[in-house]
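Asker: Assembling the complex is the task here: the two chains are given apart, and the hints tell you how they should meet.
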Amino acid sequence: MNLAANANTALYASMIVYTLAMLAFTWHLAARAPKVADSRAAADVVANEREDVLVGAGAPTPAERRSATPYAAGPDFEESLKSRQRGSIALMLTYLASALLVASVLMRGLAVGRPPWGNMFEFATAAAAAVGATYSLLARRNTWQWLGVFIVTPILLVLGLALTVLYTEAGELMPALKSYWLGIHVSVAFLAVAFFTLAFAVGLLYLVRVRREERPPAKPGFIESLPPSQSLERTAYSLNMVGFILWTFTLIAGAIWAKQAWGAYWQWDPKEVWTFVIWTVYAAYMHGRATAGVDHRKSMYIALAGYVAVLINFTLVNLVSTFVGMHNYSGM
Amino acid sequence: MSTDTNAATEKDSKGSKGSKDSKDSKGARGTERARKGMRPDRQEPTLPALGTVGMLRWGWRQLTSMRTALFLLLLLSIAAVPGSIFPQRNIDAGRVADYIAQNPTSSPWLDRFGFFDVYASPWFSAIYLLLFISLVGCIVPRTKVHLSALRSTPPRAPARLQRLDEHAELTTTLSPEEALAAARQVLRRKRFRLHSHDATSLSAESGYLRETGNLLFHLALTGIIIGMAVGHLLGWRGDIILAEGDRFASSAGTYNTISPGPWVDTESLPPFVLSLDKLHVEFNETPGRSFGTPRLFDAQTTLQSAPGAPASSENVSVNHPITVGGADIFLLGNGYTPVITVRDAKGSVLYREATPFLPQDGNYRSVGVIKVPSASPSQLGFTGFFLPTAEPTFTNGPVSIFPDTKNPEVALSVWEGNLFPGGAPQSVYTLNTDEMKQVTKADGSPALVRLKPGQTYQLPGDRGSITFDGVKRFAGLSVRTDPGAPISLVSAVLATLGLILGLTIKRRRVFVRVRPAAPGLAAGVEPGAADGADDADGRPTTVVTIGGLSKDSDSGLAAIVTAISTGVHDRLAERTDRS
Ligand code: HEM
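Chain order of the listed sequences is F and A. Be aware that the first sequence starts at 1, since it is given in the numbering used here, and climbs by one per residue. Be aware that the second sequence starts at 1, since it is given in the numbering used here, and climbs by one per residue.
Here chain A stands alone, though its shape is the one from the complex (with noise of 0.2 Å):
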């Protein structure tokens, strides 16, 4: 094949006649491979004078070499291990965190090389962007070969067929002409491609889908690349926060986070308007190993695909996306938003709103972060947890015991200061308290809220009071889009088509050869008794030599011979049927 190394490395040695003053360590290995025996008849070991387009000649040809790719391959599947092991920032960003938090010395050397973005480090893209080179340059010259492959005529048969894989050897009485006939029939039916160099020998060749499918798969991996460079560029997600009886209108400013590809217009996104009517949920309620364990999550909705458009009921739930102006909203995630209101020493309120916490773990005990900043003399901030089932004692801290809401309360604590030091934004989940400190009781202990729907706190001195309305839910929905998905889909099925043809399809070579036998040998070869008979005739027999080739293991082939041996034997049982 044309993409065998050693022929790569053979054309190397013959190009390198050049001027023998070059004498860079280049040469020198072109000296040493010389030596190997490669061409040990040469006077002088001519060093490959290279120059600069001769190197880059060379390094093109190593790249695009088989082995190259097969280390490249090797070495993407290493690389693409410690992102599995170590916690990755386009999963989630809070556990890199944490994790740097508890590994201070060995985390900034992993940062520094990337470990916690490995699929968007310099080195993993380095390799994949060689293979992704080596590739293309490793398609277009064996798509070349194989074109002209595909009209060529199979190459003339070998002096010695018996040395073949396969081989078969008869003598029979038809005449040269009609054995050869014979079995060009055989191979025709089998769809074999036939030539004849001259007029005792017959060449054939089948199985050129091999190669095509090779190319179709190579050629579709490429196909898959670009559909993910595609939605890398044109695609976009967005993610809301909504609570049961909110509404949401799709505009760059109204998610909560959005990441749109480097090509992507914000002013252009589909203004549907989406509102969260009630979100279903089902936790297994059975003692045992599942207890616990979420069962159903089903968001019914409300859709209208612009405002004022026509709104109709939708359902999303996991694995079920709805689909609207070319993007699709998916329900990834769930949990509660306790409603909370915050009066002054007044009674009049300062702050009600249903405040999404967001679940830690499997029971959903959920981290919120509440700020009043209209609050006086100081601003206030409530920071703690929501529990939909609290376990009672608080021995362990605040805990939850099931996801679902049987036992909801919510366990803050109080803070007073500038909820925003220097005017900087923040995040609605944490509280930045450089600038504020505790609220403490009359006994100088700090104020902690614990509160069951219903129920109000007075905060310690004059400040107010905080109630614990009641809770609803919220979904997390995922707006995403992503235009290249169907390219990558038809290139990955092209794929596995060219896969299965290129792995199952035998490349075959086919040889007949016919001599005539040497008087008297025929007899000893092929003692059956119609030969005999025609022998004794004075007919002149032929010796058919037949010798089959294949790339690799290859059952069929043996039976292909046979087939050639029975057909000139067909042929003759027909003859004799006749005469």
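Isolated chain F (complex conformation) (with noise of 0.2 Å):
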């Protein structure tokens, strides 16, 4: 049997249902805005006051308190069944996808007889599988068919790229490469990537969904039918939280490697210095949200700010010879 070739064509059968995936999704989303009538009914449910006992951080900022709007997905907000139906079809595709992406990874690993990250090719698809399978895992438990397309989208787009522009034969390690801690790491690193992706594509949407609550546009979207702002970026910020538990981690593995491979747990290469970058920019996210006084909104731009230092992290120093430092292994 030959595993790297299986690998090949389950990963080409995954983008095939990812297309598919991806199509279910837009079509979901275009059966799912509220018609007027729900958006009146809406607008009727009083956002609850609360009341600050518990003063401090975490408490809502004032213009997060009137979060009544004319078509807030409030309580009254009724998918309809045609749109339930097909976020199903959707979500299975992408079940089905992902599981697909995963056993190709898996299979390309078990080909080469190593962890499947040693290139540049291996490494986006296996970042692509994270985000797939962590969205499969999460999806359906807490109702995500709006993110899908937001989701499944950028993973045919890194695929993409991967196969026409990254590929390489499959082959063996850098001696550098061959420690148990670079699968720790690795494979951390990919599962925190995962996270910030997800709450990245949310964050996105919690800005989209802030702004239209605040000047509402004359007939409702898409847009209006997801969960109210708030709740858009308690969502990201739980998923930003995840990512920075795991990156964090994964900072401390890559430290322990680097003192085995290197001699030193921390040097300043380019990709410490990105992962460090990545580090204090979520940290200062998290300092963001917790400061009373600090608009909700501007934390979540630092958020992003954070998602674009991991691409480049992935990228450009991975890539660019500027970057180039002892970890420059991309086999380019």
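A portion of the hints provided could be inaccurate.
[What the hints assert, rightly or not] Computed spacing ranges between beta-carbons, pair by pair: (1) 93/A to 106/F: 29 to 37 Å; (2) 308/F to 401/A: 38 to 46 Å; (3) 164/F to 309/A: 53 to 61 Å; (4) 219/F to 63/A: 44 to 52 Å; (5) 406/A to 138/F: 47 to 55 Å; (6) 265/A to 142/F: 55 to 63 Å; (7) 157/F to 106/A: 35 to 43 Å.
[Stated by the list, open to error] Here are the simulated SDA-like cross-link-like pairs (lysine to any residue), alpha carbons at most 25 Å apart as the crow flies: (8) 298/F to 62/A; (9) 219/F to 2/F; (10) 271/F to 314/F; (11) 298/F to 312/F; (12) 259/F to 465/A; (13) 298/F to 81/A; (14) 406/A to 383/A; (15) 190/A to 455/A; (16) 271/F to 360/A; (17) 506/A to 295/F; (18) 298/F to 65/A; (19) 259/F to 76/A; (20) 271/F to 105/A; (21) 259/F to 190/A; (22) 190/A to 238/F; (23) 271/F to 228/A; (24) 346/A to 455/A; (25) 259/F to 275/A; (26) 472/A to 333/A; (27) 506/A to 242/F; (28) 271/F to 129/A; (29) 259/F to 65/A; (30) 259/F to 497/A; (31) 259/F to 90/A; (32) 441/A to 465/A; (33) 506/A to 279/F; (34) 452/A to 573/A.
[As the list claims (entries may be wrong)] Sample of chain A residues at the chain F side, in silico, Cβ under 10 Å: (35) 71; (36) 80; (37) 119; (38) 314; (39) 318; (40) 319.
Just so you know, these hints were derived from the structure itself, not from any lab. All residues carry an ideal CB built from backbone N, CA and C; glycine is no exception.
Answerer: Rendered as structure tokens:
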């Protein structure tokens, strides 16, 4: 059995299924927008007033307290049957596609007898698999069908790029990468990135949602069918929080590995610099969010900047020669 | 929370009732703050007469505020970036020199502002030192507050529990005491701390570990920094280039380079003896994108912990250092040492050594220098390249096309004159040609030496000969100690633990209040059959109000409120069963 060839077949198959899932999610969103009648009902729902006995960090800012908007997806928002069915179909397709992608990554790993992230191609596919799998595991419980298209589309983009630009025959690892700490360090990093990615998508939707809550458009769109901005913000926060914990672990495992490989756990090589930058930016986000008087929207901008740093870390730092340091193992 | 910046500002303006005649700019800001509606009722917005102590206090409070920490964190992340863009001296001084040579206009400025030494620059240090001070200044008061919070009782229930995040109200035929007891039981099982400020209410609080975790996290951050400082002060590293067959005896003078921390006594380095028996190296030979990439580096060595001590065979490879006398020995580099012999015109040997040439690229095109001070009439110097697999035509100059020794060759130019102008010490890898001139052949063209192993070149004009005898590999070994590393590691693990506690545990307060129901109301609110029957019996009915509050998004809070309601119902059911 040729595992490497099977891994490629599974990869192509997963891309086809992800494409179908993407279409289904779009189709689902098209059916989601609340009808104006729903919106009226929602307008009557008055936001709970909250008594701040436990004042301080975490209390909502006044701007967030007036969450009553013409079409907040409050308790009265009823998702249509059509929309729900389409959402389920899209989710099913996503499960299948993610399973295929994870299988592809595993088979590649077995084919080369090492963790399957020794070069940029493997790196990109493994990261995409982590995002797909994390979304698949969390989506149903949290009814995140609305998020699907914003996750599946970037996955497809990354896979497409991986195949066209980054493809490398599976080969052996460079000696510096032969360490089980690499396995730990990188797999946790992927998981962290998966959470940051979900949080990024939710964060962007949050920003759009608050804006439209403040200045409601004439006709409600699917944005108006999302959970209210406050709740989106909390979702993004929770996801970022998990990502941040995992990233902290990534940082530590990376330092341990660096100590074994190069004799010093920290020497500010570009990859380490960016891992650190990401960590401090997200720490700043956590702080901003916990500081009374800092608007949650401003904190969210910090988190988004953190994600930009994540992207830079996984692309430019691996590929561009200005960043060449000891981590240069991209195989390009 | 005590670190709430608003609270701090509030305290500020309260504490500033001083004399009215200080009219400095600080005061003006104070006025503005007061006008902005914090204290609209105050008659004369008095200016904070801060004085030196006050100013210091004010500054300290600003520095240790959470906003400042937030700002410094962002600043630190931005300040770290240039170090990944510009070459850094601590990583590769050679690349810095190249960069400076290529960018003669901008480089002096970049250098002046520390862009080639970002992580040792004053501005970077200033940011992290401020952050460190802020951190300590933050931990101490928070720990005090938290310690007293740990001993305090939950606060009195607010007047209107219906306004809390989660709330519920139910009517029961239990007596107020029984209802409270039921609620107490549920909350105790959920490990809440309980207190009754009066007979009709119950206050409960849980999640103290959140702040404990948070403090542990911040405290552990200081631990990491302390570990790094200890490593800097007490750690040292020394680098050696060791050719196959050579022996190295460790002492302060025998390392190629040694960088001890300020508090290291270089007389007490571990006195081990290490010889390199063989360096195994493999490169990928299958054509394709990864052609020529390294596959294996493994140094087979013989190690004695001190001269005369029993010898043992040890393998050092990438990711697998060996430890001796508290120091770790890492294999960090490798390359080639061509063995070169230089003879004078009479044939007697002037120089015979395995000379390390430093690799410049992935295919190990290596540069090196051979200095022959004993040559006469004037000293001789050779500089040039070693190519493990020479591209034979040299159309693009001396180039190597594969990292292993498939077609080794040296290509050298020849210089004569004064090797050491001014007697100044110089690197063994560079040739100072200030007082030297290139040796030419009879026709006036420069003499170029190209030799394969075993070949000899007769230098023009009776200057003798040079022979390339063969080539050995060398290992670049680094010996390092870092006594701070364990401190940092333990702290990092504690930080992660604290982070998990601090972020996942919820600080919750739950209040329960009971009051007698207004007559006739109970049946309407709670139309259960059993209750109705009891009510008809004329028993007193009780309204139980439950309110829960959490610091942040908390899906578990509703479940707790529900559990209390259920607890009250269950108690009633139990009693009905018994009666
Ligand atoms: C060295 C820099 C610092 C880093 C990396 C950092 C990081 C963090 C992180 C990640 C959190 C959220 C985690 C948690 O809630 O357990 C946090 C919370 C917090 N930090 Fe920091 N911090 C730093 C310095 C400071 C300083 C100087 C202060 C003092 C003003 C401070 C005060 C706080 C407070 C009060 C919280 C709790 C927020 C809450 O109630 O959830 N931190 N910090």
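Asker: Taking the hints in turn, state whether each one holds.
Answerer: A quick look at each hint next to the structure:
1. Our hint of 29 to 37 Å for residue 93/A and residue 106/F is violated, since their Cβ atoms are close to 44 Å apart.
2. Between residue 308/F and residue 401/A the beta carbons are some 40 Å apart, a value that agrees with the proposed interval 38 to 46 Å.
3. Distance hint check for residue 164/F and residue 309/A: the Cβ-Cβ separation is about 59 Å, which falls inside the suggested range of 53 to 61 Å.
4. The hint said 44 to 52 Å for the Cβ distance between residue 219/F and residue 63/A, and at roughly 51 Å that hint holds.
5. At about 54 Å, the beta-carbon gap between residue 406/A and residue 138/F stays in the expected band of 47 to 55 Å.
6. Range check, residue 265/A to residue 142/F: about 60 Å between beta-carbon atoms, so the 55 to 63 Å window is met.
7. At roughly 36 Å, the beta carbons of residue 157/F and residue 106/A sit within the given window of 35 to 43 Å.
8. A hinted pair counts as satisfied when its Cα atoms are at most 25 Å apart, and residue 298/F with residue 62/A qualifies at roughly 20 Å.
9. Proximity of residue 219/F to residue 2/F is assessed by CA-CA distance (about 55 Å); at most 25 Å being required, the pair is judged violated.
10. A distance of roughly 9 Å separates the Cα atoms of residue 271/F and residue 314/F; the hinted pair therefore holds under the 25 Å criterion.
11. Restraint check: the Cα-Cα separation between residue 298/F and residue 312/F comes to about 21 Å, which is no more than 25 Å; the hinted pair holds.
12. Between residue 259/F and residue 465/A, the direct Cα distance comes to roughly 47 Å. Violation of the 25 Å bound is thereby established for this hinted pair.
13. As the CA atoms of residue 298/F and residue 81/A are separated by approximately 22 Å, the hinted pair is consistent with the 25 Å bound.
14. Taken as a hint, the residue 406/A and residue 383/A pair is honoured in the structure, with Cα atoms around 22 Å apart against an allowance of 25 Å.
15. Between residue 190/A and residue 455/A the CA atoms are separated by roughly 86 Å; this puts the pair beyond 25 Å, and the hint is violated.
16. For the hint linking residue 271/F to residue 360/A, the alpha-carbon distance of about 22 Å falls within 25 Å, and the restraint holds.
17. Note on residue 506/A and residue 295/F: the hinted pairing holds, with a Cα-Cα distance of about 21 Å set against a maximum of 25 Å.
18. With a CA separation close to 18 Å, the supplied pair residue 298/F and residue 65/A stays within the 25 Å bound.
19. Taken as a hint, the residue 259/F and residue 76/A pair is honoured in the structure, with Cα atoms around 24 Å apart against an allowance of 25 Å.
20. Restraint check for residue 271/F and residue 105/A: the C-alpha separation of about 28 Å exceeds 25 Å, so the hint is violated.
21. Restraint check for residue 259/F and residue 190/A: the C-alpha separation of about 44 Å exceeds 25 Å, so the hint is violated.
22. Taken as a hint, the residue 190/A and residue 238/F pair is honoured in the structure, with Cα atoms around 23 Å apart against an allowance of 25 Å.
23. A threshold of 25 Å between alpha carbons decides the hint, and for residue 271/F with residue 228/A the separation of about 19 Å falls inside it, so the pair holds.
24. With a C-alpha separation of about 18 Å, the suggested pair residue 346/A and residue 455/A falls inside the 25 Å cut-off, and the hint holds.
25. Our distance criterion of 25 Å between C-alpha atoms is met by residue 259/F and residue 275/A, whose separation comes to about 23 Å.
26. Between the alpha carbons of residue 472/A and residue 333/A the distance comes to roughly 14 Å, so the proposed pair stays at or under 25 Å and holds.
27. Between residue 506/A and residue 242/F, the direct Cα distance comes to roughly 15 Å. Compliance with the 25 Å bound is thereby established for this hinted pair.
28. Of the supplied pair hints, the one linking residue 271/F and residue 129/A holds, its CA atoms being roughly 23 Å apart against a limit of 25 Å.
29. For the hint pairing residue 259/F with residue 65/A, the CA-to-CA distance comes to about 35 Å; that exceeds 25 Å, so the pair is violated.
30. With a C-alpha separation of about 22 Å, the suggested pair residue 259/F and residue 497/A falls inside the 25 Å cut-off, and the hint holds.
31. For the suggested pair residue 259/F and residue 90/A, the alpha carbons sit about 16 Å apart, so the restraint of at most 25 Å is met.
32. Taking the CA atoms of residue 441/A and residue 465/A, the gap is about 14 Å. The hint holds against a cut of 25 Å.
33. A hinted pair counts as satisfied when its Cα atoms are at most 25 Å apart, and residue 506/A with residue 279/F qualifies at roughly 23 Å.
34. This hinted pair does not check out: residue 452/A and residue 573/A have alpha carbons roughly 100 Å apart, beyond 25 Å.
35. Because the smallest distance between the Cβ of residue 71/A and any Cβ of chain F comes to about 8 Å, under 10 Å, the interface hint for this residue holds.
36. Restraint check, residue 80/A versus chain F: the minimum CB separation of about 5 Å is within 10 Å; hint holds.
37. The beta carbon of residue 119/A comes within 5 Å of a beta carbon in chain F, closer than 10 Å, and the hint placing it at the interface holds.
38. For residue 314/A, the suggested interface contact is broken, since its CB lies about 16 Å from the closest CB of chain F, more than 10 Å.
39. Interface hint status for residue 318/A: upheld, as the beta-carbon distance to the closest one in chain F is roughly 4 Å, under 10 Å.
40. Among the interface hints, the one on residue 319/A holds; its C-beta lies about 4 Å from the nearest C-beta in chain F, closer than the 10 Å criterion.
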